[in-house]
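Student: Residues per chain, in single letters:
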Amino acid sequence: MEPILTRYVREPNSFTLDFYVQHEGYTALKEALGKKPDEIIEMVKASGLRGRGGAGFPTGMKWQFVDKKIEPRYIACNADESEPGTFKDHLLMERNPHLLIEGCAIGCYAIGAKVAYIYIRGEFFHVQTVLERAIDEAYARGFLGRNILGSGFDCDVFIHRGAGAYEAGEETALLESLEGKRAQPRNKPPFPAVVGLYGKPTAVNNVETLCNIPLIVHHGPEWFTALGPEKNGGPKLYCVSGHVKRPGVYEASMNITLRELIEDRAGGVRDGRTLKAVIPGGSSVPILLPNQLDTQASFDGIQKAGSLLGSAAIIVLDDTTCMVWLAENLLHFYRHESCGKCTPCREGTDWLHKILRKIERGDGQMRDLDLLSSISANIGGKTLCAFGDAAVTPVVTTLKHFRQEYEAHIKEGRCTLPADWRARQPAGVH
Amino acid sequence: MSFHPKMAYDATFHKSARALEEEGPPFVYTPENRARFDKIVQRYPAEQRRSAVLPAVYLAQYQQGYITANAIRHVAELLGITRADVEDVVSFYTMFYRKPMGRFVLQVCRTLSCAVNGAERVTEELSTKLGIKPGQTDPSGTFTLLEVECLGACDRAPVVMVNDAWHECLKPEAAAKLVDDLRARGEVALSGCHHVVEGKKAG
Chain A
280 MEPILTRYVR EPNSFTLDFY VQHEGYTALK EALGKKPDEI IEMVKASGLR
330 GRGGAGFPTG MKWQFVDKKI EPRYIACNAD ESEPGTFKDH LLMERNPHLL
380 IEGCAIGCYA IGAKVAYIYI RGEFFHVQTV LERAIDEAYA RGFLGRNILG
430 SGFDCDVFIH RGAGAYEAGE ETALLESLEG KRAQPRNKPP FPAVVGLYGK
480 PTAVNNVETL CNIPLIVHHG PEWFTALGPE KNGGPKLYCV SGHVKRPGVY
530 EASMNITLRE LIEDRAGGVR DGRTLKAVIP GGSSVPILLP NQLDTQASFD
580 GIQKAGSLLG SAAIIVLDDT TCMVWLAENL LHFYRHESCG KCTPCREGTD
630 WLHKILRKIE RGDGQMRDLD LLSSISANIG GKTLCAFGDA AVTPVVTTLK
680 HFRQEYEAHI KEGRCTLPAD WRARQPAGVH
Chain B
818 MSFHPKMAYD ATFHKSARAL EEEGPPFVYT PENRARFDKI VQRYPAEQRR
868 SAVLPAVYLA QYQQGYITAN AIRHVAELLG ITRADVEDVV SFYTMFYRKP
918 MGRFVLQVCR TLSCAVNGAE RVTEELSTKL GIKPGQTDPS GTFTLLEVEC
968 LGACDRAPVV MVNDAWHECL KPEAAAKLVD DLRARGEVAL SGCHHVVEGK
1018 KAG
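Those sequence lines, one after another, are chains A and B.
First residue of the first sequence? That's 280 in this note's numbering, and the numbers climb one at a time after it.
First residue of the second sequence? That's 818 in this note's numbering, and the numbers climb one at a time after it.
Hints in this document: simulated from the structure, not taken from any laboratory.
A couple of the hints might just be wrong.
Stated by the list, open to error - 27 Å max Cα-Cα, derived DSS-like pairs, lysine-lysine:
| id | chain 1 | residue 1 | chain 2 | residue 2 |
| --- | --- | --- | --- | --- |
| 1 | B | Lys988 | A | Lys524 |
| 2 | B | Lys916 | A | Lys620 |
| 3 | A | Lys467 | A | Lys510 |
| 4 | A | Lys460 | B | Lys988 |
In this text, all values refer to a predicted model and were calculated from it rather than measured experimentally.
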């Protein structure tokens, strides 16, 4: 498949309005404004577009659930991209910002919103600058603002900068953060489509999801569906990182396999090394093993293999990677990022991390392994948001596939696989 | 007869260690920042001024380098919310600093993709070069070293964010040189984000 979303990202001025308009930019918005809002929702439903943020929920349904009787309604674009291993939205916003703006405007028209907020993570300051300039350009040319293209439709797009909280990527936590509070999740239901930003109906959509909207409107849902396997249509961005020769964002149809992505696109693991494990959808999903590489990298394909496509962040690990260290590294992340609202997660992630650190430095005992499983079982499914399940996944999945490494650490009283890329002196807790 | 214990309800009673003392120099926005603030507030519905708390705190941090109780007080007054509301937010988000930081805040990404490409060693090298541990500022107040969680640049690992700018693909061997370069040339020594750089080169 020829790249579609990222077709022009290597062109010098791809982020400018002039370039975008020369390449059919904003034609979808024109076409959309000539249709009824319901027709657009129907098109998105027919396309089968699934949310690109992680859960893979059908976007058309999400938009249909937005309560059309209550005014005002909002779109909140989730540009908080913080899942470890994910960097696709960054590329889209940096090099193709007008596609996102067009997607926001069409989305607003479809659900009857007048404002879209783009919640961008604080670390993407340079991206924000590009996006702000693009929004200003769009206002100046009448693609945003009052009476867009003479249709009578008004739409504003504003950027809201986060300040370093992974949890703000969870949809209700994002809304809390937008409202000027701590990024902590709300109880669901009610879902944001009914009670969202400021208590009003809100559609929360990922950047890549909204970037697909203009394509569906312009080319039609059939074209979109035909691009991939059943129920997994459209172009997809994959972020390949870790121990590969050419890490980067690769666009493909979801017919592609993990092997093609890792070996053909990303050049495979470093010379002289062998593949040990693959995390196919960001740090929160179960590990896949080398014998599962021929799995189709689609939402359904990866799920069948026992993991999740998540945000399509493929982290590749070669045989120098100690799996106990990996769990410790990721639990350090989750312990730091737990928002603290639910006790099992707040206390449990810290506890898990302490035990993992103990095993990793060689002070573990065999009974710690059961303790790890037990704590994990008491976090997963017992928190308001999916963070709890995400946080225990690295522990559960490494214990399942690499229990012998844990046991070796405990028996030998040291890390059995200290790689040269790791710290010479393990750092203290801070 | 009352079973209620005798309490000293005097002026000191409600004083908790967490009360917001006057701290740091007096704080008000500069006229430029005040103008920016007034513009930002308009993005949100009139009755939802609280939404502007993150950008408002950012403005204070850019003006003063870190957030003091006086800055919190000023932001709270402008937004019409309590100081506790603002402090709640400031203490939650990691990008807000409650103490003075160095001129360059070196934030090394420590999460998986960067770590497997040598981020732990980058931190070690920087730590040795500067003579400080992560979380500390060097005596001259030039550098602060922090370990941060995933910055979202896993394809250019290991990545270091210096203030608001990125430096990509920082190998451990090159870490010490980056410190020298920053000292000599300032932020222009950074590689920046490769997308931006590619755009500039061609444009």
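Student: Indicate, hint by hint, whether the structure satisfies it.
Tutor: Right, here's what the structure says about each hint:
| no. | hint | result |
| --- | --- | --- |
| 1 | B:Lys988 with A:Lys524 | holds (15 Å) |
| 2 | B:Lys916 with A:Lys620 | holds (25 Å) |
| 3 | A:Lys467 with A:Lys510 | holds (26 Å) |
| 4 | A:Lys460 with B:Lys988 | violated (38 Å) |
Violation of the numbered hints given earlier is confined to hint 4; every other hint is satisfied by the structure.
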